[in-house]
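In order, the protein sequence lines correspond to chains A and B.
Residue numbers are given in this note's numbering: position 85 of the first sequence equals residue 85, and the series is strictly consecutive.
Residue numbers are given in this note's numbering: position 19 of the second sequence equals residue 331, and the series is strictly consecutive.
Any given hint could be a false lead.
The list that follows gives simulated cross-link-like pairs (lysine-lysine, DSSO-like), each with its CA atoms no further than 27 Å apart [unchecked claim]:
no., chain 1, residue 1, chain 2, residue 2
1, B, 342, B, 492
2, A, 130, B, 347
3, A, 136, B, 572
4, A, 19, B, 347
5, A, 139, B, 492
By construction, these hints were calculated from the structure, which means they are not laboratory data.
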Amino acid sequence: MEGPIEIRGLTKVYGGGFKAVDDLNFVVPKNAFMGFLGPNGAGKTTSIKIITNMLSATSGEAIINGINVMSDPKMALADVGAVVETPEFYPYLTPMETLLYLGSLRGMTNTEITNRGRDLLDMVKLTEWKDQRVGKFSKGMKQRLAIAQALLPQPSVIILDEPTSGLDPRGMVEVRDILKELRKIDVSVLMSSHLLNEVQEVCTDVTLINRGKMLRSGSVASLLNEVKAHKIEVRVLSPPALEVTNQLRSFPGVKEINYMSDVVFNVDFEGAEAEQAGLLLQLQGMGLKVVSFKESGLALESLYMSLIMESR
Amino acid sequence: MENTSSVNNRERLPSDLSQTASVIRYDLLKHLRSKRLLGLLVIEVLILVLMSVLPTLLGVDLSDTSPADYMAIYVNYVDLLLVIGVTMFAGDAIVSEFQNRTGYLLFPNPVKRYVIYLGKLISTVVVITLMIVVYYGVAALATLVITGESTELWVYSMLFAICYGVAAAAVGFFISSLMKGTTGALVLTFFLLSMILSIVAFVLMMADIDPIFVLTTTGSAISGLMTSPYPSDYPDIGQSLLVIMVYTIVLTAAGMLIFKRREMVS
Ligand SMILES: Nc1ncnc2c1ncn2[C@@H]1O[C@H](COP(=O)(O)OP(=O)(O)OP(=O)(O)O)[C@@H](O)[C@H]1O
Ligand SMILES: [Mg+2]
Numbered sequence: 001m002e003g004p005i006e007i008r009g010l011t012k013v014y015g016g017g018f019k020a021v022d023d024l025n026f027v028v029p030k031n032a033f034m035g036f037l038g039p040n041g042a043g044k045t046t047s048i049k050i051i052t053n054m055l056s057a058t059s060g061e062a063i064i065n066g067i068n069v070m071s072d073p074k075m076a077l078a079d080v081g082a083v084v085e086t087p088e089f090y091p092y093l094t095p096m097e098t099l100l101y102l103g104s105l106r107g108m109t110n111t112e113i114t115n116r117g118r119d120l121l122d123m124v125k126l127t128e129w130k131d132q133r134v135g136k137f138s139k140g141m142k143q144r145l146a147i148a149q150a151l152l153p154q155p156s157v158i159i160l161d162e163p164t165s166g167l168d169p170r171g172m173v174e175v176r177d178i179l180k181e182l183r184k185i186d187v188s189v190l191m192s193s194h195l196l197n198e199v200q201e202v203c204t205d206v207t208l209i210n211r212g213k214m215l216r217s218g219s220v221a222s223l224l225n226e227v228k229a230h231k232i233e234v235r236v237l238s239p240p241a242l243e244v245t246n247q248l249r250s251f252p253g254v255k256e257i258n259y260m261s262d263v264v265f266n267v268d269f270e271g272a273e274a275e276q277a278g279l280l281l282q283l284q285g286m287g288l289k290v291v292s293f294k295e296s297g298l299a300l301e302s303l304y305m306s307l308i309m310e311s312r
Numbered sequence: 313m314e315n316t317s318s319v320n321n322r323e324r325l326p327s328d329l330s331q332t333a334s335v336i337r338y339d340l341l342k343h344l345r346s347k348r349l350l351g352l353l354v355i356e357v358l359i360l361v362l363m364s365v366l367p368t369l370l371g372v373d374l375s376d377t378s379p380a381d382y383m384a385i386y387v388n389y390v391d392l393l394l395v396i397g398v399t400m401f402a403g404d405a406i407v408s409e410f411q412n413r414t415g416y417l418l419f420p421n422p423v424k425r426y427v428i429y430l431g432k433l434i435s436t437v438v439v440i441t442l443m444i445v446v447y448y449g450v451a452a453l454a455t456l457v458i459t460g461e462s463t464e465l466w467v468y469s470m471l472f473a474i475c476y477g478v479a480a481a482a483v484g485f486f487i488s489s490l491m492k493g494t495t496g497a498l499v500l501t502f503f504l505l506s507m508i509l510s511i512v513a514f515v516l517m518m519a520d521i522d523p524i525f526v527l528t529t530t531g532s533a534i535s536g537l538m539t540s541p542y543p544s545d546y547p548d549i550g551q552s553l554l555v556i557m558v559y560t561i562v563l564t565a566a567g568m569l570i571f572k573r574r575e576m577v578s
């Protein structure tokens, strides 16, 4: 398979002999928004640093738009915008000057940078800080500026390493809105994250890694199809009798019932949608007055947890 | 926020040369806005004022001293000034990109590491040259005022000092591409240029080896050039310039290579 980002047998052994990335293979398809998921220390940042020419791979290759990053980083990164870790800015430059500097390295004209820069700074809500030196900016402001600079050259490939880290809840929502905008334009994105709801909300594709090894890679829809187990939270009007609970346990597909309180319990359920609908009917048939019946937690989360558990 | 497909980031990518110019421009801006340059210029002017005014205040009559001899007093301190300037503007130039994490911003851009290195080195050389020119300029003026005469010897001394400054900056850059922390880089640059190299030269001399190939030895030509004819016990100018050139080229090439290979880890 071919795509704007191709990772082939990527391996990174750090100085101490620690294998942080182990024979990683995946492709970000054109115009996909790929979430790069994995627990702390899985090797996400390490992989992204290799793709953005900040680390050299021990073996394997990272190819962007057909060009190997290790052999021709300048050409490979020409059409890439990136945010890696939370970068630090030159404290003596203002946001606009920072954009002028980075834009000039890419051959943008000053007029072009100023115009686009104004829109981008507006988008990341830094307009009123546009001419203040970055030195005293907060972490969240720097993170938003980092996102703006990544979008500046209108790259066809965007690489983001935990773009919402360090942001307050409102900042996260704002950045997520920007990310969703990216889905509408002609751009391929690779974004690392631990936030499964974020990934499920904005990504079209997912690559899951753990301990440097790839577990799964594919479209979000195809991965979610793999998920069989659901957790359903049920709230009833009055506490159910013990025998009702026991009866429920024997209902096909029900794996476990856990009470959260007298009137709230979780059902671990395995089955298709039709069977899940049947479960609700069954509950009501047993005389339970169901106030709410909803899938709790995220489908992606259950897949993630089960795959991570398996790979231990 | 639309992405017009008309943008071709590959085609419009500037050459290494024009990217070097961008790096120079914005790195210079850093120096011009930094408190370091301002502080250094203030200290420089204070020293000059002190040296020109103090003798008059104390009633020392210098009006019959030759302008070259008088200005040589000022030139004696150029060496020290260069060490301080190089430490401040070169000593942490590269390592700070790693330690201050600005590399995370700069390195993913389509720009070769050697371009960054070269651009920063040139901007440092510009600042050091500025510092030297201001110093010599004010000193020459003071000489004219106090002795009533001038000498063109200082121009040679100044030109040589600038060349020496380039090599010293190359030393600072090499160290800053090698060291893990900014403090270590600054300290090593300072002591290497102010003491360590001269100690090495001294030991070599004890062992009857001509220490001309130790960079700091050539630095004494800065004062030597204030005497006409050029004193025979000072390092040969031609040889000194050769040593300066070799240091600059070799250390810059080595520094660039280290920088290119260096990994952005934190
Ligand atoms: N410079 C280094 N030297 C040695 N080991 C390192 C180095 N940098 C990272 N590691 C190790 O490599 C592994 C992967 O780290 P990496 O930062 O890529 O993980 P990550 O997936 O980005 O984690 P997180 O979600 O916490 O950001 C970790 O176990 C880490 O300790
Ligand atoms: Mg990380």
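So, going through the hints one by one against the coordinates:
no., hint, result
1, 342(B) to 492(B), "holds (22 Å)"
2, 130(A) to 347(B), "holds (22 Å)"
3, 136(A) to 572(B), "violated (30 Å)"
4, 19(A) to 347(B), "violated (44 Å)"
5, 139(A) to 492(B), "holds (24 Å)"
Against the hints set out earlier in the document, violations occur for numbers 3, 4.
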